[in-house]
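Engineer: Take a look at the letters that make up each chain.
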Amino acid sequence: MTHTDGHGQRRWPGVAAVAALVAVLGAAVAMAGPARTTPAVSASPAPADGTFAIRDVRIFDGAAVIERGTVLVRDGLVQAVGTDVAVPRDIAVVDGAGRTLLPGLIDAHVHAWGDAQADLLRFGVTTALDMHGMADRLPALRAQRESTAATAQADLWAAGYAITAPGGHGTQYGFPVPTVDADTDIPAFIAARVAEGGDFIKLIVEDMRGYDAARRLPTLDAAQVRAVVDAAHAHERIAVAHVSTQASAREVLAAGIDGFVHVADDAAADAAFVADAVRRDVFVVPTLSVIASVAGADAGRRLADDPSLSPWLTPEQRDGLAARMPMAARPQRLADAIDSVRRLHAAGVTILAGSDAPNAGTAQGVSLHGELALLVQAGLTPQQALVAATSAPAARFGITDRGRIAPGLRADLVLVDGNPLDDITATRRIDTVWKNGRRVERTQPVPAAAAGAVPDDSRISDFESGLDARFGSWAPTTDQMAGGASTVAHARIDGGAHGSAGALSVTGEIRPGFAFPWSGVIFFPAAQAMQPADLSTRSELVFRVRGDGRRYSALVFSGTSPTAMPAMQAFEAGDNWTEVRLPLAGFAGADLSRVRGIAWTAGQPDGAFAFALDDVALR
Amino acid sequence: METTMTTGMRRPGTRVRLWRCYLLDTRCELLRLLREPMYIIPTLLFPALFYVMFGLLLGGRGSGGAARYLLATYGVFGAMGAGLFGFAVTLAIDRERGFFALRRALPAPPSAWLVARLLIAMLFTLVIVLELAALAVAFGGVTLTAAQWALLWTVSVLGALPFCAIGLWLGSLASANAAPAWVNLLFLPMAFLSGLWLPLSMLPDVFARLAPMWPAWHLAQIALGATGQSGSTPLWLHLLVLAVVTVACCVLALRRLARAV
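Protein chains in written order, with the numbering used here: chain A, 1 to 619; chain B, 1001 to 1261.
The hints are simulated quantities; they were obtained by calculation from the structure and are not laboratory data.
Cβ coordinates follow ideal geometry from the N, Cα and C atoms, glycine included.
Treat the hints with care, since some could be wrong.
What follows is a set of in silico ranges between Cβ atoms, one per label pair, in the way DEER data are often shown [what the hints assert, rightly or not]:
hint: 1; chain 1: A; residue 1: Gly-452; chain 2: B; residue 2: Thr-1154; range: 45 to 51 Å
hint: 2; chain 1: A; residue 1: Gly-98; chain 2: B; residue 2: Thr-1154; range: 55 to 61 Å
hint: 3; chain 1: B; residue 1: Phe-1192; chain 2: A; residue 2: Ala-527; range: 46 to 52 Å
hint: 4; chain 1: A; residue 1: Asp-75; chain 2: B; residue 2: Asn-1184; range: 37 to 43 Å
hint: 5; chain 1: B; residue 1: Pro-1042; chain 2: A; residue 2: Gly-452; range: 58 to 64 Å
hint: 6; chain 1: B; residue 1: Phe-1099; chain 2: A; residue 2: Ala-19; range: 47 to 53 Å
hint: 7; chain 1: A; residue 1: Met-530; chain 2: B; residue 2: Asn-1184; range: 41 to 47 Å
These stretches of chain B come out as covered by chain A in the derived footprint (C-beta under 8 Å, 3 or more residues) [as the list claims (entries may be wrong)]:
hint: 8; region: 1037-1046
hint: 9; region: 1200-1213
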């Protein structure tokens, strides 16, 4: 009786069960513990919180090379670099065998807008120097580069508005630029630029004399240049200059400039200029990438085809690299520029790497890798080229928290496969990019949709019974998608050309609203609207049209980007059905292998319009 | 029962195979639950729903690591739910309705109801892990070898057993009204503090260190081990904890049930 409780059961099994429960759970807490939890789980958060180590890696720290060492990053800053750095047990470790770690690259000459900062970061360029842009974003850029939070964008130092004459180079980009004319109070003007937040002063001395003998742009004169440079120095800002001729380079050098953001490419630099540059300790950003584009050297296209870079290009970057400068190719300019760089470098002038992206033939981020190769071609060793893209621009522009891999500096790092100190093109084989100590998610951009094939039939639509087409589809199109107010209505009507049963009637009104109004119908050749289709085997667009006597336009939308401007040809729509044949080659600039849409539209002047189409075919 | 009802004449001592009794009981229990969609739907759908939200949509931003981690842990979550709710609430209700008194009068094996409910809890767990697998493969980009899938599902299904035991004990303690409340009081904190919804590294340190006191944490570690994300704690400790919890809770529950009228 003493062994059983009130219910008649023995006491001990209950007690034993409870005791066992408590014992085993307590032991589990004491023994086990997620303090030693799954590296797989902590590895995903760990790079995200800025603490990790890279082991057994070749390190270029911005100045020197450590063949095999370790870098320890804690909380977004480099904590230790060297051959015998102790790595704590519980942090994520990246194996760097066979790879090289570089400081995040710095592009010393860009113009950044849109996706530029994201594109730069994707290619390992963690910082860039913007040489001309709107000033209202300067405070935000400063806040961004001072923040140590995780980010998907490269940081920018910026000049704000470049200093140029009214109507001069730099004013043609579609945004208002404050300018310096004969009456401007230059010290006050520079004070205003500094107050806006400019990190340095960039001035433009460019009258286009080096490019086109006929056209001259207004530009700053020697006195103004001197005044700008002095005012910049008074505000403790360095002054850098855009030049393109030897003469302007000499003038600007004499005015006390701190650096050039182009190398003058109308001729190779002469010995006197080189000696003067050495004496004054100016730096030069040759921007050989954009000079190569002016020279027609096709360097951009070759970069776009590089298999280690190509998958990471957006369609816009690809278009930018393939674009050509709107002037005759001048190969001598690149040869002269390379020669100048060779002489300047041999004499000891500091060379910095900058691309001047996104001018035609260049693209953000990727062109800096091309620039490194061009600098090596111009006589720098790979190590000197890497210095030109890391510690040197940081030193010259007063950037103290990055540009080298050293304790206390930001963990902006790039890990590449192979050894760029032997083969500079190894910088393109990017394994990982870290910004602010956090691994950057590099995603390959969705490639431009492959151009679909279309059926062999040359006929598209005859509107006999409806709006159907042998392939593709019809849709209305107006400038309302760009903010305009024009209207259109399209429908099948009875009574087509040559007594056929039906035609497509297009009626509407052009109303003011958008600068280039349009209204009409568009035919999409692929299965979906604005998807590319391959029409390269066709040579002629043929259709019958009747209308109110207005002049209409046929537009061809094509290319890698859906938003590119269309190519156009005009046609008239008279009272009687007429056959119109437009050779496809007549659509200047259209990429027939990637046609996204063909439109028939009315344009200026305002007012009602009406026309009808029949028997549309692509022969 | 083969020869009995149809002939109307029952020879004394007819033996009926035991598994047929279990099968019948299982069928009855299953029918009982299927007639309560308000139980079925949350139990079967919530893990999948949460997985879509946290594993695929929110976690998908990073690498596939979240989808894979949560695949294992939400399977455990499903097993927990099936075990705890399936046992505790139904048991408490049945006790109050006098179901066990009825069963003592029936010629049914005394353990059949237990076996039936265990099988059903494991069946529900299987359905849940298959749902999660389909979502993970289709949308989460998770790839596992066939062996890993088999191991994960086995671990999850068998892992329902400790929670059935805990549910059994809770059901034997609580009244029908209180049972759902007690289950939730245990279920939700245990799920959260065992790292089933968020990795423990995101919880304050004290909770992370106390995690091994939850059986769900141990089961989750085994499940994560099956998908290649194991921690440093040895497997035998997890198994020991789960085994002791199962046995201890069963002992305590059956003692209480033996007293009950």
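Engineer: Next step is simple, just say for each hint if it's right about the structure.
Structural biologist: Status of the hints after comparison with the structure:
| no. | hint | verdict |
| --- | --- | --- |
| 1 | Gly-452(A) x Thr-1154(B): 45 to 51 Å | 47 Å, holds |
| 2 | Gly-98(A) x Thr-1154(B): 55 to 61 Å | 40 Å, violated |
| 3 | Phe-1192(B) x Ala-527(A): 46 to 52 Å | 48 Å, holds |
| 4 | Asp-75(A) x Asn-1184(B): 37 to 43 Å | 40 Å, holds |
| 5 | Pro-1042(B) x Gly-452(A): 58 to 64 Å | 46 Å, violated |
| 6 | Phe-1099(B) x Ala-19(A): 47 to 53 Å | 31 Å, violated |
| 7 | Met-530(A) x Asn-1184(B): 41 to 47 Å | 53 Å, violated |
| 8 | 1037-1046 | violated (count 0) |
| 9 | 1200-1213 | holds (count 9) |
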